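Chemist: Given next are the chains, with one letter for each unit.
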Amino acid sequence: MAGAAGPGTGAGAAGGDGDDSLYPIAVLIDELRNEDVQLRLNSIKKLSTIALALGVERTRTELLPFLTDTIYDEDEVLLALAEQLGNFTGLVGGPDFAHCLLPPLESLATVEETVVRDKAVESLRQISQEHTSVALEAHFVPLVKRLASGDWFTSRTSACGLFSVCYPRASNAIKAEIRQHFRSLCSDDTPMVRRAAAAKLGEFAKVLELDSVKSEIVPLFTNLASDEQDSVRLLAVEACVSIAQLLSQEDLEALVMPILRQAAEDKSWRVRYMVADKFSELQKAVGPKITQDDLIPAFQNLLKDCEAEVRAAAAHKVKELCENLPIEGRETIIMDQILPFIKELVSDTNQHVKSALASVIMGLSTILGKENTIEHLLPLFLAQLKDECPEVRLNIISNLDCVNEVIGIRQLSQSLLPAIVELAEDAKWRVRLAIIEYMPLLAGQLGVEFFDEKLNSLCMAWLVDHVYAIREAATNNLMKLVQKFGIEWAQNTIVPKVLVMANDPNYLHRMTTLFCINVLSEACGQEITTKQMLPIVLKMAGDQVANVRFNVAKSLQKIGPILDTDALQEEVKPVLQKLGQDEDMDVKYFAQEAMSVVVQRLRKLDLPVKDCDEPSAPGADKNHFLRPRGPGEDAGKGPAYQLCVNPRETLAHPEIVGLVHFSQSRD
Amino acid sequence: MSSSSPPPGAASAAISAAEKVDGFTRKSVRKAQRQKRSQGSSQFRSQGSQPELHPLPQLKDATSNEQQELFCQKLQQCCILFDFMDSVSDLKSKEIKRATLNELVEYVSTNRGVIVESAYSDIVKMISANIFRTLPPSDNPDFDPEEDEPTLEASWPHIQLVYEFFLRFLESPDFQPSIAKRYIDQKFVQQLLELFDSEDPRERDFLKTVLHRIYGKFLGLRAFIRKQINNIFLRFIYETEHFNGVAELLEILGSIINGFALPLKAEHKQFLMKVLIPMHTAKGLALFHAQLAYCVVQFLEKDTTLTEPVIRGLLKFWPKTCSQKEVMFLGEIEEILDVIEPTQFKKIEEPLFKQISKCVSSSHFQVAERALYFWNNEYILSLIEENIDKILPIMFGSLYKISKEHWNPTIVALVYNVLKTLMEMNGKLFDDLTSSYKAERQREKKKELEREELWKKLEELKLKKALEKQNSAYNMHSILSNTNDE
Numbered sequence: 001m002a003g004a005a006g007p008g009t010g011a012g013a014a015g016g017d018g019d020d021s022l023y024p025i026a027v028l029i030d031e032l033r034n035e036d037v038q039l040r041l042n043s044i045k046k047l048s049t050i051a052l053a054l055g056v057e058r059t060r061t062e063l064l065p066f067l068t069d070t071i072y073d074e075d076e077v078l079l080a081l082a083e084q085l086g087n088f089t090g091l092v093g094g095p096d097f098a099h100c101l102l103p104p105l106e107s108l109a110t111v112e113e114t115v116v117r118d119k120a121v122e123s124l125r126q127i128s129q130e131h132t133s134v135a136l137e138a139h140f141v142p143l144v145k146r147l148a149s150g151d152w153f154t155s156r157t158s159a160c161g162l163f164s165v166c167y168p169r170a171s172n173a174i175k176a177e178i179r180q181h182f183r184s185l186c187s188d189d190t191p192m193v194r195r196a197a198a199a200k201l202g203e204f205a206k207v208l209e210l211d212s213v214k215s216e217i218v219p220l221f222t223n224l225a226s227d228e229q230d231s232v233r234l235l236a237v238e239a240c241v242s243i244a245q246l247l248s249q250e251d252l253e254a255l256v257m258p259i260l261r262q263a264a265e266d267k268s269w270r271v272r273y274m275v276a277d278k279f280s281e282l283q284k285a286v287g288p289k290i291t292q293d294d295l296i297p298a299f300q301n302l303l304k305d306c307e308a309e310v311r312a313a314a315a316h317k318v319k320e321l322c323e324n325l326p327i328e329g330r331e332t333i334i335m336d337q338i339l340p341f342i343k344e345l346v347s348d349t350n351q352h353v354k355s356a357l358a359s360v361i362m363g364l365s366t367i368l369g370k371e372n373t374i375e376h377l378l379p380l381f382l383a384q385l386k387d388e389c390p391e392v393r394l395n396i397i398s399n400l401d402c403v404n405e406v407i408g409i410r411q412l413s414q415s416l417l418p419a420i421v422e423l424a425e426d427a428k429w430r431v432r433l434a435i436i437e438y439m440p441l442l443a444g445q446l447g448v449e450f451f452d453e454k455l456n457s458l459c460m461a462w463l464v465d466h467v468y469a470i471r472e473a474a475t476n477n478l479m480k481l482v483q484k485f486g487i488e489w490a491q492n493t494i495v496p497k498v499l500v501m502a503n504d505p506n507y508l509h510r511m512t513t514l515f516c517i518n519v520l521s522e523a524c525g526q527e528i529t530t531k532q533m534l535p536i537v538l539k540m541a542g543d544q545v546a547n548v549r550f551n552v553a554k555s556l557q558k559i560g561p562i563l564d565t566d567a568l569q570e571e572v573k574p575v576l577q578k579l580g581q582d583e584d585m586d587v588k589y590f591a592q593e594a595m596s597v598v599v600q601r602l603r604k605l606d607l608p609v610k611d612c613d614e615p616s617a618p619g620a621d622k623n624h625f626l627r628p629r630g631p632g633e634d635a636g637k638g639p640a641y642q643l644c645v646n647p648r649e650t651l652a653h654p655e656i657v658g659l660v661h662f663s664q665s666r667d
Numbered sequence: 001m002s003s004s005s006p007p008p009g010a011a012s013a014a015i016s017a018a019e020k021v022d023g024f025t026r027k028s029v030r031k032a033q034r035q036k037r038s039q040g041s042s043q044f045r046s047q048g049s050q051p052e053l054h055p056l057p058q059l060k061d062a063t064s065n066e067q068q069e070l071f072c073q074k075l076q077q078c079c080i081l082f083d084f085m086d087s088v089s090d091l092k093s094k095e096i097k098r099a100t101l102n103e104l105v106e107y108v109s110t111n112r113g114v115i116v117e118s119a120y121s122d123i124v125k126m127i128s129a130n131i132f133r134t135l136p137p138s139d140n141p142d143f144d145p146e147e148d149e150p151t152l153e154a155s156w157p158h159i160q161l162v163y164e165f166f167l168r169f170l171e172s173p174d175f176q177p178s179i180a181k182r183y184i185d186q187k188f189v190q191q192l193l194e195l196f197d198s199e200d201p202r203e204r205d206f207l208k209t210v211l212h213r214i215y216g217k218f219l220g221l222r223a224f225i226r227k228q229i230n231n232i233f234l235r236f237i238y239e240t241e242h243f244n245g246v247a248e249l250l251e252i253l254g255s256i257i258n259g260f261a262l263p264l265k266a267e268h269k270q271f272l273m274k275v276l277i278p279m280h281t282a283k284g285l286a287l288f289h290a291q292l293a294y295c296v297v298q299f300l301e302k303d304t305t306l307t308e309p310v311i312r313g314l315l316k317f318w319p320k321t322c323s324q325k326e327v328m329f330l331g332e333i334e335e336i337l338d339v340i341e342p343t344q345f346k347k348i349e350e351p352l353f354k355q356i357s358k359c360v361s362s363s364h365f366q367v368a369e370r371a372l373y374f375w376n377n378e379y380i381l382s383l384i385e386e387n388i389d390k391i392l393p394i395m396f397g398s399l400y401k402i403s404k405e406h407w408n409p410t411i412v413a414l415v416y417n418v419l420k421t422l423m424e425m426n427g428k429l430f431d432d433l434t435s436s437y438k439a440e441r442q443r444e445k446k447k448e449l450e451r452e453e454l455w456k457k458l459e460e461l462k463l464k465k466a467l468e469k470q471n472s473a474y475n476m477h478s479i480l481s482n483t484n485d486e
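Chains A and B supply the protein sequences, listed in that same order.
Per the UniProt record's numbering, the very first residue in the first sequence carries number 1; after that it's consecutive.
Per the UniProt record's numbering, the very first residue in the second sequence carries number 1; after that it's consecutive.
Just so you know, not all the hints are guaranteed correct.
Unchecked claim - Quick list of the computed label-pair ranges, beta carbon to beta carbon:
| no. | chain 1 | residue 1 | chain 2 | residue 2 | range |
| --- | --- | --- | --- | --- | --- |
| 1 | B | R202 | A | K386 | 53 to 59 Å |
| 2 | A | E203 | B | G220 | 37 to 43 Å |
| 3 | A | D36 | B | D389 | 21 to 27 Å |
| 4 | A | Q245 | B | P263 | 50 to 56 Å |
| 5 | B | Y373 | A | T70 | 31 to 37 Å |
| 6 | A | Q245 | B | T305 | 33 to 39 Å |
| 7 | B | A290 | A | A383 | 50 to 56 Å |
| 8 | A | Q292 | B | E69 | 51 to 57 Å |
Said to hold, decoys possible - In silico contact screen, one side only, chain A against chain B (beta carbon under 8 Å); selected entries:
| no. | residue |
| --- | --- |
| 9 | A53 |
| 10 | V56 |
| 11 | E112 |
| 12 | T114 |
| 13 | L210 |
| 14 | S212 |
| 15 | S413 |
| 16 | G444 |
Source of the hints: derived by calculation from the structure; they are not laboratory data.
Here the structure is a predicted model, which is why all the values come from computation and not from measurement.
All C-beta atoms, glycine included, are put in the ideal place defined by N, C-alpha and C.
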């Protein structure tokens, strides 16, 4: 290998057509054959580079045959290969040669592992579009036929995904053959193949002529929908959506609806689940008339299904179903035929059902209007706000904006508050986190007075939560609140409380002050930052805990751009200098980082700069980060770290320039 | 494909994500919630309320003329199902059915000549009505069979007796497969196999025995049963990754494979290579590995020429990150080596020992330890000794390295022993390898550097070609600025 690779630069520099022969295929193939899977994988991922080095001709005559022959490899490698080949048309010489890629992809489409096969099929579908019509019939269609009649089920399942891409461009005789093959796969012996065919039935129906849809697809659909395996039947439900879109109302009623009705009452909950899950699509596909006559009763049944899974899936669709009803008569239908069932679900025994409903029920208020919402929906919202399951309450709260538009949030605020308080103190931190996320929204809708009175204390309490993620979210929450309520409010309500925490005996709370300052300074502007926040930060530079001190350095770097140059020069720099001499190496590191940023800023402003011998930190030594940190500390990120990398990037330029020169002169 | 089917417990996934996150409380919270859970069948709940049962006279009190008629009446009575999720409803009727089922079990097992031709239909109907049902969604979507308590079948008090009855029926000396095959057909078996997904281990245990008996008595169904099991396994491996009865089915297969005639049919070999070997990739391998390894070894004992493809298959699927599975693989390899023929061993020694050499130097001490235990196996040791010229060079590097730097003292001690054994086998080769060790490492390093060099050159070439392309469109200046922008 050394011998082959060694003279690379020399030969390349000599010019001519040298560079193609530079890297003999044997060397590259050695790489693709490396014993180490990881290396093989890397090589395959750079297959386009190899192909480029070889040129289109040798890629076709040498590389592709090699790839076709050595298909026995780890699935991971095969997956990468399948993916690469999908974008290879250009590298083998364009559409005229696209068919050269078929042999390796054909083998890949027959392997055991599903992900590899699926990727190969995806690539084949991509490449099929690049074929000329002649090449499609000469090369692609025969491949599909071979796969469709393969011995082992894998090739037949792969074939299912290829019919629809070659059908539209094939001649009539070939079309008939393709349909014949698809038919036989739909009644294949192996359920895996029937499943694959059922999954592609809708897609295939879309590219067929309407006559064939009626004469061929519908019978196939009927068979698959009554397959002995529920895993096949449920896929037929999906196909139903596509097929329904293609047929006229009468045909739909006569050919498809009996099957759909049967599916909605299937003995297997998986099939019923699928009907519920695809309900909106089905509704759109069959149109308003059939929806009214058939789907609504079916939906009622799904809403009271014996399996919670099915009820939950149906509950998820309530809003969409109502939205998609024709506006005329919508209100009556909802009030008479849907709402009674929804009322039942509010007190369902299963929390997933309730929470699914809670995630959409608020959306009904816009559809039903103010009066109905107050009279019928509001009691449901209130009941759900008191639900024992936090997820249900959260889902209601997260959708408050819908109700706000219709009836205003005040109607709810009495019940809202206890719900919020309870969630705010929930034992699970994820729940607390979720409610924090909604605080800015709630604040905006409830108004500043209500907020100050009822919710402000909660927001402050989160700052001292024992989970870091909550403290962090609470910090960001403050910033968003300030953006909503303005600087004055911040100065009166938030800032003093935050600054008091700087004297807290717990160093984690003291750090929270710094984190708050980091995000608040920008929202609060220069004056507050300089006058109120900066002194506190500077004072904390003397903290006994190193974590606090290096966060001071980080904060100073962060708020630097907001401060005026006097403050930077007179107050910040001396403190950073002092921290730069700290005994703790992390403090030192971050102080120097901050210093270099501050100095840069001062330099930009053309101020005299003193004591800046070290513009960047002494190397971004990874050892710095090995030291255990306070929770949530991530020393690796941040602008300072990037600074160290930049110089190297600029160094790289001259080399590229050199290359450019060279290739220019050669041409 | 699997993505389009609703996963078990789809609706519950969302909330359990919220429960899962507090790592410390998760298990305990869940355990507390799900003590003594049970569930009924999906089928039952869709039915309305049940008619009340009235006790029929005892079979033993009936005259022999009436007995047959009464037997069938009782079978029909037992077709009625009750809701066991509701523990207070139909108490009287439930008790009557239970007593009747008990009576039926006793009746068919103690009396001769009661299983007459006309009864088959009613018998199979009663069994089907009770056991065939759509299994409900699992209410624990990430059910971990090793950790969690399984959900038990609520209607077990009845279903157990039905299974009991079914078994007595199949095992009865009066039982005639030629009549029964009219009722116990492909569709019946198909439904029976679906039930193996039951979460209740008691039910799966009955099913195992039942299917075993059916396979034994219905020759016409054998191929069909094998094919359906095949399909279940393939769905398990490539589509759902979930099926509760894999271990039970494998156990039955173990005895089926045992009875395969020689030479093995192509169909059976295909089953081994395309189904059993890929099954090693399953997430829950621990639950059925013993049964799986047994099946594999059964095959190899039948036909030793399968050894090479099997071992290559295992090497292909060798676990990359799961140490627990790696230990299982090593166990299986040892089982295979125990029965391997020396000629077969020669065929796979190289790839196999390359893998073993990696395992030996695993930083997970259980993996390393399991691999090193091979050297305690007399037969394996004799195979190694025979092929020491091949194996020692493969193993030497790793062993030498670990003997210097493995963190675990037990491993280091074991490695010393292994090195000692190997040295005794061929001292000369051992000395040569020791002295060339350093040079070898350096050569590897050099090779690595050359690789990097090659790739760097290729990258440059790619860049150059890309630039050449640009070249034709832009002038020099614009290229420069383009490059700098990137």
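Chemist: If a hint holds in the structure, say so; if it does not, say that too.
Modeler: Taking the hints in turn, this is what the structure says about them:
Take B:R202 and A:K386: their Cβ atoms lie about 41 Å apart, and the range 53 to 59 Å is violated. In this structure the hint that A:E203 and B:G220 lie 37 to 43 Å apart at CB holds, the actual value being about 39 Å. Against the hinted window of 21 to 27 Å, the Cβ-Cβ separation of A:D36 and B:D389 comes to about 25 Å, which satisfies the hint. For A:Q245 paired with B:P263, a C-beta distance near 55 Å keeps the hint of 50 to 56 Å intact.
Restraint check, B:Y373 to A:T70: a C-beta distance of roughly 35 Å satisfies the suggested window 31 to 37 Å. A:Q245 and B:T305 have their C-beta atoms about 55 Å apart, which leaves the hinted 33 to 39 Å range violated. About 52 Å separates the C-beta atoms of B:A290 and A:A383, a value consistent with the hinted range of 50 to 56 Å. Take A:Q292 and B:E69: their Cβ atoms lie about 53 Å apart, and the range 51 to 57 Å holds.
A hinted interface residue such as A:A53 counts as satisfied when its beta carbon comes closer than 8 Å to some beta carbon of chain B; here the least separation is about 5 Å, so the hint holds. Taking 8 Å as the C-beta contact cut-off toward chain B, the hint placing A:V56 at the interface is violated, the least distance being around 12 Å. With its C-beta approaching chain B no nearer than about 6 Å, A:E112 sits inside the 8 Å limit, and its interface hint holds. Annotation: A:T114 was flagged as interfacial toward chain B, and the flag holds, the nearest CB pair being 5 Å apart, inside 8 Å.
Violation of the interface hint for A:L210 is found here, the shortest Cβ-Cβ separation to chain B being roughly 26 Å, above the 8 Å cut-off. Using the Cβ-Cβ criterion of 8 Å, the hint placing A:S212 at the interface with chain B is not satisfied: the shortest such distance is roughly 24 Å. A distance limit of 8 Å between C-beta atoms decides the matter here; for A:S413 the minimum to chain B is near 26 Å, and the interface restraint is violated. Residue-level restraint check for A:G444 is violated (minimum Cβ-Cβ distance to chain B is 26 Å; threshold 8 Å).
In this structure, the earlier hints numbered 1, 6, 10, 13, 14, 15 and 16 are contradicted, and the remaining ones agree with it.
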